[in-house]
Every structure is written in structure tokens, then in C-alpha cells.
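Visitor: Below, each chain spelled out in residue letters.
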Amino acid sequence: MTRTRKPGVSRRATLAMMGAGAVSFATPWVARAQAKTIKVGMPTILSGRVAQLGTSSRNGVMLEVEKVNAAGGLAGRQIEMVIRDSKGQPQEAARVARELVNTDGCEILIDAEASSGAFAVHEVARDLGVLCLHTNSETSALTADPKQHIPNAFRTARQGVHDSIVGGSYAATIAKAKGLKKWATCSPDYAYGRDTTAEYVTYLKRFAPDIEIISESWPKLFQPDYTEVVTKILQAKPQALYSCLWGGDLTSYIDQANIYALFSQMEVFAVNMADYTALTVVKNLPKGIHSGNRYIKTYPATPENAAWGDAYKAKYNEYPTNWSWENATAIMLLAEASKKANSADGKKIAEALRGLKIKSPFGADGTVTMRAEDQTLVGYAIGWGTTIPQEPYVPQVQAGDWKTIFELEAEWKKSKGYT
Amino acid sequence: MDLDALTGCLASSACLVTQTTSGFIIGMLLFLVAVGLTLIFGVLKVVNFSHGAFYMFGAYFAMTAYQFSGSFALAMLCGAAGTAILGLIFERIFMSRVYGADVLMQLLVCYAFVLIFDDVVRMIWGPEFKSMGMPAAFQVAPLFIAGGVVPPYYLLLIGVALAAAMILGLGLARTRIGKVIRAAAHNPGMVSALGINTGLIYGGVFALGGMLAGLAGALAAPVRSLTPGMGFSVLIESFIVTVIGGMGSILGALIGALLIGLIRSFGSLGFPLFTEGLMYLFMVIVLVSRPTGLFGKEVA
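These protein sequence lines are chains E and Z, in that order.
The letter at position 159 of the first sequence is residue 159 when you use UniProt numbering, and the numbering goes up by one with no holes.
The letter at position 108 of the second sequence is residue 108 when you use UniProt numbering, and the numbering goes up by one with no holes.
Think of the hints as simulated: they come from the structure by calculation, not from any bench.
All the pointers check out, no bait thrown in.
Listed next, the in silico DSSO-like pairs over lysine-lysine satisfying Cα-Cα at most 27 Å (straight line):
no., chain 1, residue 1, chain 2, residue 2
1, E, Lys359, E, Lys340
2, E, Lys87, Z, Lys130
3, Z, Lys130, E, Lys315
4, E, Lys313, Z, Lys130
Sample of chain E residues with no beta-carbon within 12 Å of chain Z, all distances over it, derived:
no., residue
5, Ile83
6, Pro303
7, Lys315
8, Ile358
For each residue, glycine too, the CB sits at the ideal point set by N, CA and C.
Required output: the full structure, derived from the provided sequences and hints.
Guide: Listed below in C-alpha cells is the structure:
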């Protein structure tokens with residue numbers, strides 16, 4: 001009878017591994033520094049109702065990682081992305097993030113979680129001291145609140161308060177021009193909906209003090225039917241309506257409000273309308289809905305932005321989302337900071353990131369800046385415009401003014417006791 | 001709380017008409033889902049926890065048929081017929097095996113299929129939300145009845161649902177098949193002993209329940225966004241409806257669904273922050289005062 005090898009690890013391989021293990025244990029830092037690749041961990045939402053956004057985050061990252069790797073990687077080390085599903089649950093996001101660093105040996109984290117998960121990952125970053133880039137959470141407090149501040153965490157996403165300032169001032173201009181005094185709001189009943197609406201109304205009233213909110217509706221998140229909300233708003237007869245419904249909720253709302261001819265009876269301001277996921281899905285998009293830019297390839301109207309949007313579409317067969325550009329920006333910043341520091345070390349990259357200004361297709365003036373004081377992205381393209389039912393969907397975007405944003409943001413921070 | 005808005009609305013005919021029709025719209029779609037649920041429970045004694053999936057499939061079938069044919073009528077037909085066939089297959093292959101088992105086992109099988117069906121939809125149609133779009137025929141200005149706003153599409157929707165309720169009610173009460181179904185609900189052993197194929201009846205009832213939910217999904221498709229998992233929230237409300245109306249009662253499902261619809265439409269005026277709560281509160285009151293539901297004694 002011939003001896004057959006048992007499946008599993010052979011004695012020789014075991015010895016070799018033990019030897020290698022001994023060497024790396026003896027000199028761990030040398031082994032790490034000479035490693036060819038650098039692992040970057042990324043918890044994001046790849047299943048459940050908002051999986052589409054998580055996938056678009058991954059796509060945004062991979063599109064840029066390929067370019068960085070082709071150009072030599074981070075200080076000569078190729079980036080290896082380790083992307084895990086958090087299912088959109090904060091505790092799962094925290095667990096995954098910890099595991100990515102401790103078990104998988106990731107040296108940098110891209111936190112592509114929604115706000116709920118981002119605060120959980122933030123605590124992991126605080127604990128482990130690993131370089132962490134928040135790419136999706138727009139909740140202002142994440143970087144504005146000094147209690148949250150840690151030297152190794154950055155945000156490469158929009159910030160809620162920026163959007164509210166620009167949205168409020170845009171709406172106030174139109175309100176004054178058209179005499180829109182009576183307003184209604186309709187937003188989803190959870191932290192994002194409540195906070196965003198409150199901030200928006202604050203700035204709307206600041207720029208146009210004689211505005212009055214005559215009706216508020218708070219439908220549940222993911223509510224299938226909005227009929228009672230639609231008719232309630234029709235009863236109140238406001239001149240304008242603000243909503244921060246998003247995704248499938250927004251498209252349902254539009255379909256249901258459409259057959260009541262709601263859009264012909266008032267001006268509608270829907271901050272999340274101008275995102276391709278919503279624009280391409282609605283079949284009978286009414287003309288003239290006011291929206292903030294989330295991601296559209298025609299704003300900023302530069303060849304770089306159009307080329308980026310087209311390259312994404314060519315590769316993934318769909319248009320990028322707001323989360324796509326925010327994640328792509330994280331990789332662009334990482335690459336540039338690593339070049340400047342001439343290192344792939346997290347601490348050195350963090351040092352280089354503070355105050356770093358890079359060329360970007362998504363910048364209001366062709367550049368974006370990682371502001372040093374609170375480590376959050378500024379200078380990105382931000383504006384409002386009205387939608388039409390076919391490409392380019394938002395033909396003219398009125399740009400937000402960053403000077404005003406900075407002034408009012410500083411004032412807001414003071415009022416919150418942040419500075 | 002905003003009682004002024006509520007009393008103001010009750011005093012104006014325009015508001016009354018608008019909110020009442022809005023309540024009927026919400027209620028009628030709920031009724032179509034809930035009546036299948038209650039019918040299946042009444043005859044098969046199974047709580048079909050996966051019932052929301054048929055609503056979802058109805059909507060997706062309708063959207064696909066509409067995209068290929070452009071015909072709204074065909075879309076409705078496909079939504080209803082497709083889910084009927086699906087219901088029949090599901091009942092014969094899977095549900096029929098757990099009739100004797102305990103409730104926990106039935107719930108587990110149903111819940112497993114909630115997840116499986118959601119994933120099947122995700123594989124076929126993709127994870128992102130879809131919209132069917134309103135057929136051109138209904139893209140018209142809303143009607144004004146006594147000053148109230150009523151979209152024509154919703155009139156159709158209410159009409160179809162009412163017709164379904166009447167056909168179902170009369171069918172069960174007056175026809176031979178209806179009598180057999182009622183007998184099977186009462187005493188399946190005796191019906192079987194009389195030489196009637198109870199398996200066929202069970203399959204048929206399940207298919208009918210699935211078809212009604214599918215029809216609801218198809219009718220909702222032009223106005224609601226389609227996502228995997230869309231059946232779940234509808235299912236929860238349908239349970240509330242059946243609990244209020246009484247498990248197994250068709251009239252109960254109709255009344256329960258309309259009450260829920262009206263609570264939502266008027267509640268959102270008077271209690272904007274407590275509309276959801278109002279619904280559950282009503283359920284609690286009914287359960288405490290009549291544990292069998294409003295029409296619980298009737299056997300379908």
C-alpha cells in the first residue's frame with residue numbers, strides 16, 4: 001500500500017512557516033516596512049436597502065486605486081484594498097474596522113459608512129490610532145465638534161452645514177424674487193432628516209426673514225405610501241416645499257405627488273434630487289425641481305469632471321453617485337499626501353494631509369483642500385439648480401460661494417460652542 | 001398635535017373629499033394584501049409571513065410586462081397571473097409540507113422565503129430601486145370633486161379593489177366553489193371524505209391570495225418605488241389590518257383596511273408626529289375590547 005499524503009499543511013511547509021514567523025516576530029517593523037503592498041481596509045454597506053451606494057463607493061475607490069497603482073502606488077507600495085460589508089449596522093462597522101486593522105493588517109482605513117456607522121468607526125480609529133478617512137458621513141459634528149477631533153481621522157465628504165448654508169441662501173434668493181413666503185417641509189423622520197431640515201430652515205430664515213413654515217410632515221424612512229402627506233401639503237397650500245427625502249423614497253414621493261399635480265402648485269426644493277440614482281429612475285420627472293448638486297458630471301462644467309464621470313460609466317455601466325466622488329477623493333488625497341511625505345506611513349501621511357490642496361475634478365475651482373484645523377474637506381463643488389427630465393438633468397447650477405460658507409460656518413461653530 | 005387643522009379639515013368639503021379618498025387609496029391597497037393573508041389563514045390555518053413577497057413580485061412582474069409591451073392592462077394581468085402561478089407552486093412544493101407542523105416551523109419556512117424571495121428579486125432585477133412610471137393615459141390633471149382633489153388613477157385603483165372585494169365576497173357566499181372552500185375551512189377531513197381534492201382547494205386558495213397581493217403590487221407599481229424587501233412594510237400593516245378586522249374575515253379585512261387608511265389620512269393632519277402610533281393605538285384598543293378583532297367570529 002502506498003502512503004498517501006494527508007491533505008493539509010506538510011511538515012516542511014510548517015517548518016518554513018515557523019521559521020518565517022520567528023524571523024518576522026524578531027524584527028516586525030522591518031518586515032512590515034519592506035512589504036510590497038500596503039493594505040487599505042474599507043468597511044462599507046454592500047447589502048440591504050442602500051447597497052447601491054456602498055457599491056458605488058467601492059467603484060469610486062477602485063477606479064482611483066488602479067490609477068495610483070499604475071503610477072507606482074503609495075511611496076512605491078502597491079495598494080491592496082480589503083473591502084468588507086458592514087450591512088449598514090454601526091456595531092458591525094466597528095467590528096469589521098477593528099478586524100481589518102488587527103487581523104488583516106490594514107494600515108489605513110477608508111470609512112465608507114453612513115453617519116450612523118461612521119461615528120462607530122471613528123471610535124475604533126481613536127482607539128487604534130490608525131489613519132482613517134471618513135468618506136460618506138456628512139453629519140457636521142463628526143469633524144466640527146472638538147470632542148470628536150483626533151489627529152488621525154479626516155473627512156473627504158461634504159458637510160451638512162455647508163449644504164444648508166448654500167441651499168438656504170439659494171432658496172432665499174428665489175423666495176424673494178417670487179414672493180414665496182409660506183413654506184412647507186417634508187423630510188424623513190430620523191436624525192439626518194430632522195437635522196438637515198432644521199439647519200436648512202435656519203439659513204433660509206436668516207437670508208429671508210419673513211418666511212413662515214406653515215406645515216411640517218415627517219414620513220417614516222422607507223415608507224411605501226406618501227398619499228396622506230401629499231394631500232396634507234396640498235391642503236396647507238404652501239407656496240414652496242422643502243424636502244430631504246432621498247433615493248427610492250424621493251422617487252416614490254415624486255410619482256405620488258405628480259398625479260396630484262403638486263409640482264405645478266408650488267416651488268419644490270429637494271436637496272437630494274440631482275443624483276443619478278434618483279434622476280435616471282423617475283419616469284415622469286417634473287420640470288423645475290430645485291436641487292443641490294450631489295454628483296453630476298456636468299457640474300463643475302469642466303472637461304476633467306466630464307471625463308471622470310464618463311470613465312466611471314464606461315467601467316461600471318452606470319453613473320457615479322455622490323458617494324463615488326467622495327470616495328475617489330479619499331484615494332486622490334492619500335496618493336498626493338504620500339507623495340509629499342515620500343512615505344506610506346500613516347502618521348507621516350496624516351501630517352502631509354493637513355492643509356493639503358490637490359487638483360480635483362470635483363473642486364469648485366479645480367482644487368479641493370483638506371482643511372488643517374478640523375481635518376475636513378472644503379472647496380468642493382457645491383451649488384443648486386433646477387432639474388429637467390433628460391440629460392444633463394441640471395442644465396445650470398448656481399454655485400455656492402465658499403467665502404460666505406466659511407463665514408457662516410465659523411459663526412455656526414461658535415453658536416454650537418465648538419470654537 | 002394640531003387639532004385645529006383636523007377640525008378645520010372636517011368643516012371643509014374640499015379637505016374632507018381629498019383626505020377621505022386618500023384614506024381609501026391607502027386602505028384599498030392594504031385590503032388586497034390583507035384579504036389574501038386572511039383568506040389563507042381562514043382556510044389553511046397558516047399565517048403566511050411571506051405574503052409580502054407576492055406583493056413585491058406583482059409589482060416587478062407588472063413593471064417588466066409594462067416595459068416590454070407598453071400596455072398597462074397587460075401589466076396588471078401579468079402581475080396578478082404571475083403571482084397566482086408563483087403562489088400555487090410555492091404552496092404545492094413547500095407550504096403543503098408544513099401544514100401539520102407547529103406554528104414555529106411554519107413561521108421559519110415563511111421567513112426563510114422572505115429572505116430567499118428578496119434575493120431572487122435582487123438577482124433578477126438588481127439591488128437598486130426601480131420605478132415603473134405612470135402610463136400616459138393617466139398622466140392627466142386630477143379631478144376636482146366638491147373642491148377636493150382626486151387623481152383619476154386612484155379612482156381606477158379604488159374601483160378595481162372594490163370589484164375584487166365584491167367578486168370575492170359573492171364568490172365565497174354564493175358559488176359552489178365558495179361553499180367547498182368554506183367547508184374545507186371548517187372541516188377539511190369531511191370535505192376530503194366527500195371525494196373533493198383538498199390539496200387542489202388549498203393550492204387554489206393560496207394562488208388566489210397570492211394573486212390578490214400581486215394585483216395590489218401591480219396597482220401600486222406606477223406610484224411606489226420598487227425595491228427588494230418592499231413587501232415587508234406592507235406586510236406589517238396588513239397584519240395590523242387582519243388583527244383589527246379579525247383573522248379569517250373578509251369583511252373584517254375590508255373594514256380594517258379602510259379604517260387604517262382613514263386613520264393615516266386624517267391622523268396626519270391632527271397628529272402629524274403620531275400618525276404611526278395612532279395606528280398601533282387603535283389596534284391595541286380593538287385587541288383589548290374585542291380580542292378576536294371586529295369581525296373575528298365570522299369564518300370565511
